[in-house]
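Undergrad: First to last, the protein sequences are chains G and W. Read in order, the letters of the first sequence are residues 383 to 607 in my numbering. Read in order, the letters of the second sequence are residues 383 to 607 in my numbering.
Be aware that one or more of the hints could be misleading.
[What the hints assert, rightly or not] Derived lysine-lysine pairs resembling DSBU-like cross-links, with alpha carbons at most 35 Å apart:
id: 1; chain 1: G; residue 1: 400; chain 2: W; residue 2: 529
id: 2; chain 1: W; residue 1: 400; chain 2: W; residue 2: 446
id: 3; chain 1: G; residue 1: 446; chain 2: G; residue 2: 477
id: 4; chain 1: W; residue 1: 529; chain 2: W; residue 2: 435
id: 5; chain 1: W; residue 1: 542; chain 2: W; residue 2: 522
id: 6; chain 1: G; residue 1: 496; chain 2: W; residue 2: 446
id: 7; chain 1: G; residue 1: 562; chain 2: W; residue 2: 496
id: 8; chain 1: W; residue 1: 529; chain 2: W; residue 2: 590
id: 9; chain 1: G; residue 1: 400; chain 2: W; residue 2: 400
id: 10; chain 1: W; residue 1: 496; chain 2: G; residue 2: 477
id: 11; chain 1: W; residue 1: 435; chain 2: G; residue 2: 522
id: 12; chain 1: W; residue 1: 522; chain 2: G; residue 2: 526
id: 13; chain 1: G; residue 1: 400; chain 2: W; residue 2: 477
id: 14; chain 1: G; residue 1: 598; chain 2: G; residue 2: 522
[Stated by the list, open to error] Okay, the calculated bits of chain W under chain G, using three or more residues with CB under 8 Å as the criterion:
id: 15; segment: 456 to 466
id: 16; segment: 485 to 492
id: 17; segment: 563 to 573
[Said to hold, decoys possible] Sample of chain G residues with no beta-carbon within 12 Å of chain W, all distances over it, derived:
id: 18; residue: 397
id: 19; residue: 443
id: 20; residue: 457
id: 21; residue: 478
id: 22; residue: 568
id: 23; residue: 574
Keep in mind that the hints were calculated from the coordinates and are not lab data. Ideal placement from N, C-alpha and C gives every residue a C-beta, glycine not left out.
2 protein chains.
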Amino acid sequence: MQVQLNAMQTQTEENYLKAIYRLGQENTQKVTPKGISDALGNSAASVVDMLRKLTEKQLIDYDKGKGVRLTAQGEKNAVLIIRRHRLWEVFLLQKLGYEWDQIHVIAEELEHIKDDSLPDRLDKFLGFPEYDPHGDPIPKANGKVPKSYSVTLANLKEGKVCRVAAVRDTSSTFLQYLLKLEIGIGTPIQLIEKISFDGSLVISIGGKDKTTVSQKFGENILVDA
Amino acid sequence: MQVQLNAMQTQTEENYLKAIYRLGQENTQKVTPKGISDALGNSAASVVDMLRKLTEKQLIDYDKGKGVRLTAQGEKNAVLIIRRHRLWEVFLLQKLGYEWDQIHVIAEELEHIKDDSLPDRLDKFLGFPEYDPHGDPIPKANGKVPKSYSVTLANLKEGKVCRVAAVRDTSSTFLQYLLKLEIGIGTPIQLIEKISFDGSLVISIGGKDKTTVSQKFGENILVDA
DNA sequence: TCATAAAATTAGATAAGCCTAATTTTATAA
DNA sequence: TTATAAAATTAGGCTTATCTAATTTTATGA
C-alpha cells in the first residue's frame, strides 16, 4: 500500500487539521489528543484513530515529547482551509447580509467546497479583504498568514483606551453578547479598572457609561494597543 | 423506532431525490431502480438500499406498477435542492467569472450547504434570476417551478429559425463543444435540413456557414420556438 | 517512591453508503 | 408457453468516522 502524499482530504480530516493548527497557535502548551478531543467534542479514541491516519498521510508528526505537530504540508493545508473559511465569512456578511454571529457555522460548511480556483476568485470578488468579520487575518493565496492581533483587553493597563481589533471566541453566544453591548470591530473601549479579586474588568464602551465584564470576556477581545 | 418526518437529509439522500425528480420529469417512462442506478453510477444494490431508506422517511413511494414516485414532501425537497443548485450556478458564472462548463460540478457541492435563509439571500443578492446559465428555470422559494422549455432543435421543422433557450445536457464535454461552435443561450439557429438516414441536422449558427450536428446533439438543445 | 488519577491506547461495535456475488422475480421473444 | 435475458433483491463485506469499555501508560501528589 503506497502513501498518497497529495491525496485529497476528507472534510473530517480538514477539520482535524484546522483544530490542530488553532491549538498550536493559541496556547504555548503542546497539542495533545486530549486537547483535540476537547476542541472537537469527539472521543479520545476517535482522535487517536485520526492521528494515525494523518500521520500516515504525512500531514502531522506525533511524538509524546513534542505533542502533535503539523508537517509543512499539513500546515499549508490547514492555512488554506482557514483562508477559505474566512473568505466565505466575508462573503456571507458583506454580500448576503448575515449577522456577525450567524456566519461562522455556515462557513464551516463552505470551507470544504473543493475547487482549486474558488478561493482566489472569491478573494478577488470580495476585493482582497485583509481581515474577516471577526478581525482575523485572511491568509494569502501563497499561504502567508498576516500577523494577527495578540493583545487582549484583559492585558491592558488600567486607564488605557483602545479599539476592538478582533475577537477570539466566534461562538454565536459570545457574538450576540457583543451585539447587546454594542461592541463591534473598531469600537473604542477604555479599561477603567481591573478588579483584582476575580479579574473582572470595568470598561467604558464607546465613551458610554461603565460596564463590568468578566476576565474571560476580556481575554476574548483583541485590541489594537 | 419512530419515523423522523422532518429529519434533515444527508447529501447522498439529496442526490437521490434530485435524480428521481429529474428522471420523473425528463421521460414519460416510470422511474426504476435501474434508471436511478444508471443516472447516479451506483450499483443496483445500493439503489435498493436507498429506496428503502427514502421510503421509510416517506420521501418516496415505490410500487413496481408505477415505479418510484416522490411524495409531496419528497418533491418539495427535491425542488428546493434544484433551486439551490441553480442559484449557485448563477453566482459562480456571474459573480466569480467561471465558464459555462465549470459551474455544474461546483454547484453539486454548494447545493448541499444547509442554512435555511441562504437560498433566499442568494436569490436576492443575484437579483432574483429567472433562469440559470444553462437556461433552466430557477424554482421559487415557495417551491413553484417556472415552466421550462421543451421544444428541442431536433423537433423543429426544416427551414425554421429559433433561438437557443436552454440545454439539456450540462456535462462539460457538451458545453465545451457548444463553446467551440459559438453557441450560447440566445444564439439564433436555423435548421436547414434533417438527414433522414440518421437524424443528423444541418444548421446555420448565428447566420454563419452550414454545420452538421448529430441527432443526439439536437435533442440536447432546447429552443424558444 | 508509590498509589492514584488522568491520559492515551486498544478492542470491539455501530451506522451510512457503497460494493460484488448469488438469487429471485419479471420481461421478452422464440 | 416456455427458455432466456434483464432487472430487482438479498446476503454478506468493506471503509470511514464515530462510539463505549477495557487496558496500558504517564503524571501527580502524598
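Undergrad: Give a verdict on every hint.
TA: Verification of the hints:
1. G:400 <-> W:529: violated (45 Å)
2. W:400 <-> W:446: holds (20 Å)
3. G:446 <-> G:477: Distance of about 45 Å is beyond 35 Å: violated.
4. W:529 <-> W:435: At roughly 31 Å apart (the allowed maximum being 35 Å), residue 435 (chain W) and residue 529 (chain W) satisfy the hint.
5. W:542 <-> W:522: holds (33 Å)
6. G:496 <-> W:446: It is violated: about 39 Å lies between the C-alpha atoms, which goes past 35 Å.
7. G:562 <-> W:496: Distance ~27 Å between residue 562 (chain G) and residue 496 (chain W) Cα, so the pair holds.
8. W:529 <-> W:590: holds (31 Å)
9. G:400 <-> W:400: Status holds; Cα separation ~32 Å.
10. W:496 <-> G:477: holds (18 Å)
11. W:435 <-> G:522: violated (44 Å)
12. W:522 <-> G:526: Distance ~42 Å between residue 522 (chain W) and residue 526 (chain G) Cα, so the pair is violated.
13. G:400 <-> W:477: holds (28 Å)
14. G:598 <-> G:522: holds (31 Å)
15. 456 to 466: violated (count 0)
16. 485 to 492: holds (count 4)
17. 563 to 573: violated (count 0)
18. 397: For residue 397 (chain G), whose nearest Cβ neighbour in chain W is about 16 Å away, the distance exceeds 12 Å, so it holds.
19. 443: holds (31 Å)
20. 457: About 25 Å separates residue 457 (chain G) from the closest Cβ of chain W, which puts it past 12 Å; holds.
21. 478: Answer for residue 478 (chain G): violated, closest chain W Cβ roughly 4 Å.
22. 568: holds (25 Å)
23. 574: Fine: 39 Å to the nearest Cβ keeps residue 574 (chain G) off the interface.
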